[in-house]
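Trainee: Take a look at the letters that make up each chain.
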Amino acid sequence: MKKRTKRISGIVLGMIGASVAVYLILSAFESNLMYFYSPTEIANGDAKSRQSFRVGGLVVENSISRAPNSLEVSFVLTDLKSTQTVRYTGILPDLFREGQGIIANGSMGSDGTFNAFEVLAKHDENYMPPEIADTLHTEKLREPK
Amino acid sequence: MIPELGAFFLILSLSLVLIQISSLLIGVQSDSTIWITLGKRALYIHALAIIASFVILSYCFASNDFTVKYVAMNSNTLLPLQYRLSAVWGAHEGSLLLWIMILSIWIVAFAFFSSSLPRKFVAWTLIFAGIISLGFLLFCLFTSNPFIRQIPPPSNGADLNPLLQDFGLIIHPPMLYMGYVGFAISFCCALASLMLNEYTNQWAVWARKWTLLAWAFLTIGIALGSWWAYYELGWGGWWFWDPVENASLMPWLVGTALIHSLNATAKRGVFAGWSLLLAISAFGLSLLGTFLVRSGVLTSVHAFATDPARGIFILLFIVIVVGGAFLIYGLKASQIDDEGYKFASRESYLLLNSVVLSVVTATILLGTLYPLAMDALNLGKISVGPPYFNAVVIPIMAPLMIFLGIAPLAKWRHDNWIFTLKKLKLPLLGTILFSIAVLLMLVENLTIMAVIGTVLSFWVIATSLATLISKENRISVKRLDGAIIGRTIAHIGFGLCVIGITLVSYYENTSHLKMEVGDKTQLDEYSFKFASLDNVKGPNYEGVKATFEVTNNKETYQVSIPAEKRFYNTRGMTMTEAGIDAGLLKDIYISLGEKIGAESWSVRLNIKPFVRFIWLGAILMAAGGLIAMSITSKRVKP
Numbered sequence: 001m002k003k004r005t006k007r008i009s010g011i012v013l014g015m016i017g018a019s020v021a022v023y024l025i026l027s028a029f030e031s032n033l034m035y036f037y038s039p040t041e042i043a044n045g046d047a048k049s050r051q052s053f054r055v056g057g058l059v060v061e062n063s064i065s066r067a068p069n070s071l072e073v074s075f076v077l078t079d080l081k082s083t084q085t086v087r088y089t090g091i092l093p094d095l096f097r098e099g100q101g102i103i104a105n106g107s108m109g110s111d112g113t114f115n116a117f118e119v120l121a122k123h124d125e126n127y128m129p130p131e132i133a134d135t136l137h138t139e140k141l142r143e144p145k
Numbered sequence: 001m002i003p004e005l006g007a008f009f010l011i012l013s014l015s016l017v018l019i020q021i022s023s024l025l026i027g028v029q030s031d032s033t034i035w036i037t038l039g040k041r042a043l044y045i046h047a048l049a050i051i052a053s054f055v056i057l058s059y060c061f062a063s064n065d066f067t068v069k070y071v072a073m074n075s076n077t078l079l080p081l082q083y084r085l086s087a088v089w090g091a092h093e094g095s096l097l098l099w100i101m102i103l104s105i106w107i108v109a110f111a112f113f114s115s116s117l118p119r120k121f122v123a124w125t126l127i128f129a130g131i132i133s134l135g136f137l138l139f140c141l142f143t144s145n146p147f148i149r150q151i152p153p154p155s156n157g158a159d160l161n162p163l164l165q166d167f168g169l170i171i172h173p174p175m176l177y178m179g180y181v182g183f184a185i186s187f188c189c190a191l192a193s194l195m196l197n198e199y200t201n202q203w204a205v206w207a208r209k210w211t212l213l214a215w216a217f218l219t220i221g222i223a224l225g226s227w228w229a230y231y232e233l234g235w236g237g238w239w240f241w242d243p244v245e246n247a248s249l250m251p252w253l254v255g256t257a258l259i260h261s262l263n264a265t266a267k268r269g270v271f272a273g274w275s276l277l278l279a280i281s282a283f284g285l286s287l288l289g290t291f292l293v294r295s296g297v298l299t300s301v302h303a304f305a306t307d308p309a310r311g312i313f314i315l316l317f318i319v320i321v322v323g324g325a326f327l328i329y330g331l332k333a334s335q336i337d338d339e340g341y342k343f344a345s346r347e348s349y350l351l352l353n354s355v356v357l358s359v360v361t362a363t364i365l366l367g368t369l370y371p372l373a374m375d376a377l378n379l380g381k382i383s384v385g386p387p388y389f390n391a392v393v394i395p396i397m398a399p400l401m402i403f404l405g406i407a408p409l410a411k412w413r414h415d416n417w418i419f420t421l422k423k424l425k426l427p428l429l430g431t432i433l434f435s436i437a438v439l440l441m442l443v444e445n446l447t448i449m450a451v452i453g454t455v456l457s458f459w460v461i462a463t464s465l466a467t468l469i470s471k472e473n474r475i476s477v478k479r480l481d482g483a484i485i486g487r488t489i490a491h492i493g494f495g496l497c498v499i500g501i502t503l504v505s506y507y508e509n510t511s512h513l514k515m516e517v518g519d520k521t522q523l524d525e526y527s528f529k530f531a532s533l534d535n536v537k538g539p540n541y542e543g544v545k546a547t548f549e550v551t552n553n554k555e556t557y558q559v560s561i562p563a564e565k566r567f568y569n570t571r572g573m574t575m576t577e578a579g580i581d582a583g584l585l586k587d588i589y590i591s592l593g594e595k596i597g598a599e600s601w602s603v604r605l606n607i608k609p610f611v612r613f614i615w616l617g618a619i620l621m622a623a624g625g626l627i628a629m630s631i632t633s634k635r636v637k638p
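Chains as they are written, first to last, in our numbering: chain A, 1 to 145; chain B, 1 to 638.
One chain only, chain B, in its complex shape:
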């Protein structure tokens, strides 16, 4: 009975979305407050119905209701409660419901906080948002209903994939979805402003806030995925250029371009067309990501069971939504009018930022879709690996970092090159000194790419700090400008992230070897001793725990690191729990391979310098985004 109630709430919310769209349309046409209010009310009840449906699915998991097929496939009575609840989004159907719920929460939040916006603008935004909800609800009900029964029920469930039984995976999908789905608001705002021929700064001021919030969530979501892969997959990688990672990186890159472009539109009334186009593309790429993950066309960790019907549905939906949006844009674009600016101005740098990020996105898109196209045309099965992405993305990003340092010190509208350069003399001097220091430090082990990476990162950080002391931007308590503080923190975060990526890529040290209890080995200045091996038993797994004693040569560092190998009985899956001693400047990472021979194990030892900087940088970027969003900044006077 209870699962049927969940399905009922889904159908109810579908009908409410139809009421929402139609009454808002009538309201917009007749400019009637009553119809618009009715549409909003329908939206609120629709959101409550979705939440009810989600709570019911969670209840089915909590109460081990194996008559529900989705629960039986992804849960087990032995699974601890927190994982039974997070198993709700552990596979396709439930994660789609989560997506829909987050979408309706975003839309409700927009409807709730938009009272200062023109009525028609809000109504159009909610109409487009309703259409997106409608599409996903139809998708959920017709191809992926999580409440389908399975009678007779199995005596116990098939358990959650052990890889997903982890804290990182409890929060990674909701964060990522908050980001993906948040771009829907920017998308709907962009379409509303096109419908109303309203390209002034107002929509940009609003869209900028919502986009920053979505972008901050997406940043955290991607960072969580990377962190999870690092400690859970057992081989210490933090980015694989896996197509699904690319699917989340592409909206992030376009979203990054969008927040910079919107900033210029909001403050100066320029790039209105660009901002609209980027807003449409960011959400379009989020939808594309959903298609790639859910259709099973990809070879990936994330590819759930293949069902062609799902892929076709999402593909059609993308064509209608994104195609329709581009059509509206194309029809209206000629009416968009921008204010002017000189070549030497901050506007030019922001344009450059958009161009570079769009080009990077396009190259990643090509590398991601090319194998699919080749396969569809029967031209052979190929895959495009990390070397392609590294070879293409890194050289394009390098100039971006140079200009990123200059842009915040350039004036809006018009500036003088020499004047800008003068303001850069302090960070420039700092960067030159730093480069010499780096060259001396790395002289024994010099890699030109590592030098370029660290020096550019230093440049970004130094110039970001320099903006704080420059005359125009100097921060005082009286004039607290969130945009400047947020920007500075986010840019420093980006610099730290690149330092982490560079150093761990070029200076990580790895050793794979065969060890048994009592064996000792040396890696860099550390000695590793395989001290003991014990049996462990968890609620739904059995395993062994190896303890390694790690000391450095001076004996100032001495820790024992446990690394586990677990066998999950229900799914028959073996899992590695890496042992990590995390430090700001380096991680010691140990994982057990497999038992080879009577006593010995294959063991992976890693020393990972500065790997934490990657995620620390991401946290700072997200924090910067949130600060820029929450503290209002002033508009530059015309």
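Extracted from the complex, chain A is given alone in its bound form:
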């Protein structure tokens, strides 16, 4: 094969590959992005247009309550300014505890409770998910003590 045709065939192959990828990305991207909101942002109505999203914050002390006969649990998250109640059915991660930063994936219920399908906790007690650290940081700045 001549150098020219070879180069052209290489470019054509690359273009086909790239366009397939672009198509797949565009169709998969928007529907699979998860936006993160703090309880304050939810209270402000920022998350209203979102079907499903993530919420993060600290678990409020003594806010964990369990259903007697199932694995349903509910707890309250705070960013030190607003709070958000979260409901979840399943096994909580090992590092889920009162006073710790966690992230929940799910959607808002009609009663104002966040229905989580997944709860993520940090893996190390020194580690705080950057989203939560950021939220707590900005909220502290806004609210001087």
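In case anyone wonders, no lab produced these hints; they're calculated from the structure.
Treat the hints loosely; a few may be bogus.
As the list claims (entries may be wrong) - Listing some non-contacts, in silico: residues in chain A with all C-beta distances to chain B over 12 Å:
1. Glu-41
2. Ser-70
3. Arg-87
4. Asp-111
As the list claims (entries may be wrong) - Below, a sample of chain B positions facing chain A; criterion: calculated Cβ distance under 8 Å:
5. Ile-382
6. His-512
7. Lys-595
8. Ile-596
The structure displayed is predicted, hence computed values, not measured ones.
C-beta atoms are modelled at their ideal positions from N, C-alpha and C, and glycine is treated no differently.
For this one, chain A is given, so just place chain B on it according to the hints.
Mentor: What follows is chain B alone, placed relative to chain A:
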């Protein structure tokens, strides 16, 4: 005194790297053997100094020297010795030192085994390798010195993260680093050949071996990480599309493209430019992975404590090293000349392989970096989850598997489609029969993706076996060709891996429920009985052990599986030790959630079909890589 000695050795090795780079540069310019030899000697002593420094840090851990801040943060007198030693790379500073040590071992190995290569080529390779060492040593000394003291020392250390107190985590980081860092050799070889305008097969033959070795380590490293996550995180996942997993998968994918492209360059003198570009990208992505893990920009298991200075340093280093490499490539690329080939030839399939793998890498890169870009531009905090990666990666990989089956049966240079198809008739027939069998077997529980996945995997395995009996490749004792044997084993491994991924994804069965001692439940054909609950005590933890008796309906299977919940006192962390009865065809996986109510626990029961195939496949892939590397193959005659 002893920790200071460790820091001293680090500084010593830094000065030796400077001697190495400068004397090699003089040697290359004046074509003088003496200067090149001096440069090599400096390299050897530099490596010894790094190893000494690493041994000293290990000694500080072994002797519980809590005046060293890093030891105090990551160890404890109650921690068993093997974990105290592996705690050396349990956090940022020490794992960076491990990285540097492995880098110098790779470079020394290259310098040692390269006597048959042209002197200038070796010298240039070692100069670029020296620059990389220099960057990492500066990084270590100025932002992450593991030997910094903390006076007065705490009475006891903060202990190692319990998640890391595990055999898998002793060997996962060193293996992964062997892979990441090994790509540095391919990278430096590529730059050396650009500097010397030397694009013939010689550099490719060499780079191919080193790349295969690095790739095999990386494969094992990634598989170990996946296996560890499976049994240690307690919820039975084996891949999360976590950004840090992606950071290791991207160099692997580009590395895979690289070994295929280098194969064509070494054997046929084609794709020289592609191979160089892929070699630069593979190491560039390894560096990017380091940046993502170490800068704290990611939400991840692996994100160590955040320190912006570290992130900026690595980012600058990436820009200089990778940017510089691409600049050299851009200046020289027009001089690269390739040999020709026909459209219907093995070369075309190998090109396709490179294109597909690069496209997959690009889509993963986009999904990994997009949230960071959005956050940096204040456009909101988002995350890109597994659905995106599955939706994008799977459809792109499917055609790759079809062509993977055909390529090894196509001839180099030029071939005839019909001729290739004729050789495929046996595996094609086998695949059709297999598809019918799969459809009948899964008829009650049919998922189209599961059928596609298993059939494609079968196709890959069947065609790989068919290559062994085809005329050109037939193996005889006289003509033992490592490339063919290695390729066949690696491709079969890939097929098995995909079978495992497909079946466990679509046919796993999970149940979360509340149980107390004496309770019984049924999942698939198995019955689970919560038989007993006992207290256990370890060296640095306390916990409970639940024993489950599992029997199948025919009572041919009867085992008792212990699952533990541990509380590590020093860090105040709770840990799940999953109970797993591993089998080739299925795993029974039980983990304890938490105590709810007076007597009952939340329990997770899983039946995971074919999950072992994922890691078995990875082991075969790595083995194939090692065989292809160690048995020399012949060059196709022009």
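Trainee: Tell me the numbers of any earlier hints that the structure contravenes, in ascending order.
Mentor: 1, 2 and 7
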